[in-house]
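Peer 1: Residue numbers (my numbering), protein chains in the order written: chain A, 2 to 170; chain B, 80 to 293.
Be aware that one or more of the hints could be misleading.
[To be verified] Below, a list of computed lysine to any residue pairs in the SDA-like style, where the Cα atoms sit at most 20 Å apart:
#, chain 1, residue 1, chain 2, residue 2
1, A, K53, B, T186
2, B, K126, B, V115
3, B, K292, A, E138
4, B, K114, A, V10
5, A, K53, B, Q116
6, A, K162, B, K90
7, A, K120, B, E283
8, B, K224, B, F235
9, B, K95, A, D108
10, B, K95, A, A107
11, B, K195, A, S50
12, B, K95, A, E106
13, B, K280, A, N27
Since the hints were made in silico from the structure, they are not lab data.
So the chains spell out like this:
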Amino acid sequence: MQLKKDAQVFLSVMESNKGIIYKVANAYCKNDENRKDLIQEILVQLWLSFGKYDKQYSISTWMYRIALNVAISFYRKENSRNKINQPLPVDTLFLREEGNGFQKEADLQHLQQFIKELKEIDRAIIILYLEEKPQQEIATILGLSTTNIATRVLRIKQQLKQKFSTIKN
Amino acid sequence: MEDNEILQVWKNYDRKLEENLLLSRQNATAITALKVQSFLASMKPLKIFTIVAGVLWVGLLDVLIVSLFHIASPFFLVSAILLTILNKLAIGIYLYQLILLHQADITEPVLATQEKIARLKSSTLWVARLLFLQLPLWTTFYWNKSMLENGSMSLFITQALVTGVFIFIAVWLFINISYRNRNKKWFGFIFNGKEWSPLMKSMEVLSQLEEYKK
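The task is simple: from the sequences and hints, build the whole structure.
Peer 2: Set out below in structure tokens:
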């Protein structure tokens, strides 16, 4: 079953799930400029795929698949958006008082840094784990077995703990 | 830091995002009005153009081979036939890339989609290998019977050296252009530049995906 490709419905879905886009883009980009571009690219791809949304999956599963696929493929962006002559609107998704009001705690800064240091697929796994997605849903999003997910999560958590212990000492 | 503490840090982040993250409906609406292609579909035109150009080039070579078959020198014929075979293989790789582009779907599970995209990009290395393999053929096609009969020893030696060096380079590159040599200096020299970085990155993703299959 599919959704009617209605812009208003799409906007409501994006409004309710905007955190997914931001968190994925932030985990895969080194700087703000890249992040803005990636957010736009994810939104474009979500819109293009919206009419084909398959209701057998939850909206979040569908959004994570697209956001992660676009984010991991983003290094190929010179093959995509640059070749399309239509510039995209900037700042579609942004933080209120970015840089001032949104003060990050040191632990969050470290955690985000450690996540960015992980390999692309491990990054996807840990984001979904931190979002407290059930292992079955993580497996559906990524296309891995639940056993594989469980093993990977364990390993990545150990890596994160190790990194935290290094900075605390 | 313990598991629950890490989860708590993330929850706080999530809560702050919930309070501070804004979606500009105006800009988001503008996105829905854009006439743009998916990033996978946007790669198709260049592939199709390359295939068309390749087919025209190979077609021209085939016409030349057929029409000059009885009058051309064997050097020309053998060089042109090998050239056309290598180019047909390169066209085959571009066709394979088009099929992968057609199959890849970003709404599908991440690993399956990334594998297709990474294979698509990394197969470009095969095109490079085949192109280098053509090199020696450009040093032999112009030879003819008269040059063989009337040429001096110095001409033969020079030709043999040039062709020999080109064969050595072409075969060596064909064998050695691969991801395992990505950190070698010569590799960086050939694949230097921004246009190759997506290729290198996709090969890195591919090797990660292989690990997940173990």
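Peer 1: Determine for every hint whether it applies to the structure shown.
Peer 2: Cross-check of the supplied hints:
1. K53(A) / T186(B): 9 Å, holds
2. K126(B) / V115(B): Holds. K126(B) to V115(B) sits at ~18 Å (cutoff 20 Å).
3. K292(B) / E138(A): Within the cut-off at roughly 19 Å; holds.
4. K114(B) / V10(A): With Cα atoms ~19 Å apart, K114(B) and V10(A) stay inside 20 Å; holds.
5. K53(A) / Q116(B): This hinted pair holds, its Cα atoms lying about 15 Å apart.
6. K162(A) / K90(B): This hinted pair holds, its Cα atoms lying about 17 Å apart.
7. K120(A) / E283(B): 10 Å, holds
8. K224(B) / F235(B): OK: K224(B) and F235(B) at ~13 Å, within 20 Å.
9. K95(B) / D108(A): 14 Å, holds
10. K95(B) / A107(A): 14 Å, holds
11. K195(B) / S50(A): 18 Å, holds
12. K95(B) / E106(A): 11 Å, holds
13. K280(B) / N27(A): Measuring from Cα to Cα gives roughly 19 Å; hence the hint holds.
Violated hints are absent here; each numbered hint is respected by the structure.
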